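Colleague: One-letter residues, chain by chain:
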Amino acid sequence: MKTSVLIDEMRLAEVRPDQVAKRYEELRRAEAAHLLQNPSTRWVGRATPTRSCKPGPAFMSDGLSFHHCPDCGSIFASPVPVQEELDRLARDGEAARWRRDYFGQRFSEKQRQAIHAPIVRWAQEVIDEYGLTEPRTALVGNDETGLATSLNANGRLGQMVLTERVSGQPAPEGAVEVAASELSAAAFDLVFDMGSLERVADPERRLALWSELVAPGGFLAITTSMASGLEYRVLGPKAASFIALDRLTLYSVPALTEQLALFGFEVVEFSTPGRLDVEVLEQAFADGAPSDDPLDFWTHALKHGGEDFKTDLQRLLQQHRFSSFARVLARKVG
Amino acid sequence: MVLKIGVVGFGKMGRIRKATLDARSDARVVALADPYADMSDQQGVSRHTDWEKLLEEDIDAVVISCTNELIPTVAVAALAKGIHVFCEKPPGRNPQDVHRIRDASLQHPELIVKFGFNHRYHESVEQARRLVSSQSLGKILWMRGVYGKAGGPEFDKNWRNEPSRSGGGILLDQGIHMIDLFHDFCGTFTEVKSFVTSQYWNIPVEDNAFALLRNDEGQVGVIHSSATQWRHTFRLEIFLEKGFLTLEGILSSTMSYGKETLIVARNTFDENGYPLPNPEEVISFFADDRSWEKEMTEFVTCALAGDAIKIGTVQQAVDAMETVFAIYGADKSWNQSGECEQSA
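Chains A and B are the protein sequences, given in the same order.
Mapping the first sequence onto the UniProt record's numbering, position 274 (from 1) lands on 274, and the numbers just tick up by one.
Mapping the second sequence onto the UniProt record's numbering, position 29 (from 1) lands on 29, and the numbers just tick up by one.
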């Protein structure tokens with residue numbers, strides 16, 4: 001299994017502009033409150049993220065109850081709204097509509113590049129390194145930003161299929177929309193699951209679907225937030241990106257590896273690219289959160305450490321897979 | 001079906017091989033042979049001091065992990081008895097030794113013969129190979145490899161430095177891995193220039209070898225194999241038309257060669273198409289050494305299925321051994337000194 005250090009892949013200001021993040025965060029938190037207050041909301045209790053996880057101490061965030069596995073560090077909400085509730089919000093919710101409007105009307109080419117370029121480069125690497133020829137490809141996530149169009153731009157992917165879309169928007173150029181239920185087993189050589197695992201009610205079901213749809217020898221490329229990363233370990237639920245409805249399951253590195261193995265995938269790459277951890281911490285401390293301890297190390301180090309320290313810290317986090325955002329490439333065994 | 005295997009030579013490598021095989025469900029070690037090793041902790045297998053007795057057992061395959069001078073004799077005897085053969089590297093003491101194994105193998109094309117060039121299975125090497133094969137970085141221009149160690153305890157007394165048993169020094173024992181990797185990426189070389197020295201250790205074989213190699217396509221390889229590399233080093237640089245790869249460190253049981261890494265850099269170009277210096281580098285770390293397991297997987301599955309092996313073939317072993325001796329031969333002062341004994 002390889003771990004790549006990709007220090008300059010993402011900058012916070014580009015992928016998570018402040019005014020975008022704050023408005024989305026407000027709307028999403030309002031949706032969580034509405035779900036909690038609405039007696040007709042259906043909820044489902046959940047097992048631990050992996051067979052070996054333990055349901056450790058709980059904490060609350062946005063009114064949802066989160067558990068923390070004391071062994072591996074995975075974080076998961078239980079109970080969670082049933083998937084139909086989450087799909088309804090993704091289709092008709094205020095936050096989703098606002099995102100679609102933002103990405104449709106105000107998304108700059110520079111932002112598009114910042115978000116898409118690392119994924120397009122990654123796809124290129126996978127195709128080159130594993131000698132894939134026009135792989136049959138599926139994409140979940142990043143609907144609104146037009147990632148399918150960017151991935152297809154170099155013409156090296158086969159037919160791009162979008163599964164389980166709920167946005168109701170037309171499929172972007174170069175892609176067709178097909179419901180997962182209409183696909184046959186082993187339909188794909190390459191599946192991109194972009195940030196969906198932490199948002200679905202039942203990530204195990206999602207992995208089971210990919211296990212069925214990815215052909216033996218094919219690849220599953222996942223991006224997801226990681227519970228083992230610095231941002232969440234230091235800031236916990238105070239982390240700006242810890243929006244409860246978007247972080248229903250945060251795997252740790254060993255937990256996600258274990259889950260992928262359970263569904264017949266061997267992890268060949270586990271990297272935590274970007275410099276978001278350091279930038280997020282720096283931003284949080286600048287905003288006055290979260291430590292009450294005047295001798296807090298992180299506040300001191302990020303204030304006085306200088307650019308070299310920040311870069312070295314992020315590099316160290318990546319090398320040891322302690323960053324809060326991961327890209328994972330797993331090969332279907334067989 | 002389960003492949004029944006005997007292991008000849010139960011030193012460090014023999015134990016690694018047995019442990020690797022013990023983890024498999026399609027293979028079982030049933031016999032061990034070693035005249036010196038303490039095998040009392042090995043229960044449930046027959047134990048011999050004489051390798052010839054081991055070959056009389058009901059076995060399908062033999063792993064030959066003994067000293068170099070015995071390798072061809074054991075391998076040829078095993079093949080004559082219809083037994084598949086896995087040999088450690090180096091494949092004997094000299095080209096004549098490996099030619100003997102090749103000739104016996106040609107007499108028994110139904111049997112598998114595989115040599116232990118496990119570095120080809122390291123993840124950094126596998127990924128570099130995939131990148132080179134994809135041609136996304138263009139054609140290889142040149143390679144530079146350094147593989148060295150600080151000798152080790154009682155290095156000067158080790159059998160590996162007795163010409164009659166080993167056939168050569170550090171180049172034959174460790175540097176042959178780097179040569180095999182050069183062949184993996186660039187094929188064999190037709191021109192060889194070298195300096196072979198024994199400057200520090202009081203041994204009758206080389207403690208350093210420096211060589212320049214060139215193949216028919218003009219690709220050049222530079223290798224330095226050393227037993228005076230006080231900081232243990234494995235580094236292979238591969239420079240191509242559109243970028244470069246650097247493999248630095250290699251996972252081992254002692255971890256003394258550092259973390260296994262691969263640096264990939266893709267050139268960027270100025271407005272006139274000239275390459276800019278210092279392209280961005282992406283460094284990858286590799287966590288697992290599964291080379292022993294993968295190596296045995298190919299051996300066992302091919303022996304059971306009757307398939308041809310792809311890594312560690314007889315031809316690859318012949319090529320590696322011939323390049324080692326071409327390097328010895330290219331330094332006339334080394335050859336004339338008579339220090340490199342090429343006994344058959």
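Just so you know, these hints were derived from the structure itself, not from any lab.
From a predicted model like this one, the values you see are computed outputs, not experimental measurements.
Ideal Cβ positions, reconstructed from N, Cα and C, are used throughout, including at glycine.
Treat the hints loosely; a few may be bogus.
To be verified - Some but not every residue of chain B turned toward chain A, in silico, with C-beta under 8 Å: (1) 67; (2) 282; (3) 283; (4) 285; (5) 289.
Colleague: Go through the hint on residue 285 (chain B) and say holds or violated, using the shortest Cβ distance to chain A against 8 Å.
Modeller: holds (5 Å)
Colleague: Any CB of chain A closer than 8 Å to the CB of residue 282 (chain B)?
Modeller: Residue 282 (chain B) check passes; min Cβ-Cβ to chain A is 6 Å, inside 8 Å.
Colleague: Identify whether the interface hint at residue 289 (chain B) stands, where standing means a beta carbon of chain A within less than 8 Å of its own.
Modeller: Because about 11 Å separates residue 289 (chain B) from the closest Cβ in chain A, which is outside the 8 Å limit, the hint is violated.
Colleague: Does residue 283 (chain B) meet its interface restraint, that is, does its C-beta lie within less than 8 Å of any C-beta in chain A?
Modeller: holds (5 Å)
Colleague: Measuring from the C-beta of residue 67 (chain B) to each C-beta in chain A, is the shortest one below 8 Å?
Modeller: violated (35 Å)
In summary, the structure is inconsistent with hints 1, 5 from the numbered list given earlier, while agreeing with the others.
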